[in-house]
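K.L.:
Sequence:
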Amino acid sequence: MEGLYEGAYRTLSLVGTHSSYPTAGHAFGGSLKDMRFGPSKEHLAMLFGLTCDCIGLGMQTMAPLLKRLPQS
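Here our numbering is used: position 24 in the sequence shown is 312, and no number is missing along the way.
Treat the hints as calculated values from the structure; they're not laboratory data. Please note that the accuracy of each hint is not assured.
Computed spacing ranges between beta-carbons, pair by pair [as the list claims (entries may be wrong)]: (1) 347 with 321: 41 to 51 Å; (2) 330 with 356: 34 to 44 Å; (3) 351 with 299: 21 to 31 Å.
These figures come from a predicted structure and were not determined experimentally. The C-beta atom is built at its ideal place from N, Cα and C for all residues, glycine as well.
Let the sequences and hints guide you as you build the complete structure.
P.N.:
Here is the structure:
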């Protein structure tokens with residue numbers, strides 16, 4: 289899971305946060321005079337793909353552990 293964290297989750301947190309380099313880069317548009325304010329939809333497909341990967345792999349990892357827990 290360490291590889292997943294270092295690759296997918298760190299990329300997810302970088303692209304999915306508001307005050308990050310991708311957002312700052314979006315604010316300038318095509319040039320310094322082309323200022324854009326507001327959210328960017330530019331990375332949504334990658335963001336949702338990484339989110340699905342992280343959740344899916346986490347569930348696969350946890351499923352065998354959860355089966356071992358005593359049922360109440």
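K.L.:
Now tell me, hint by hint, if it's right for this structure.
P.N.:
Do the hints match the structure? See the list:
Range check, residue 347 to residue 321: Cβ separation about 47 Å, and the 41 to 51 Å hint holds. Roughly 43 Å separates the CB atoms of residue 330 and residue 356, a value that falls within the hinted 34 to 44 Å. A C-beta distance of roughly 24 Å is found between residue 351 and residue 299, which places it inside the suggested range of 21 to 31 Å.
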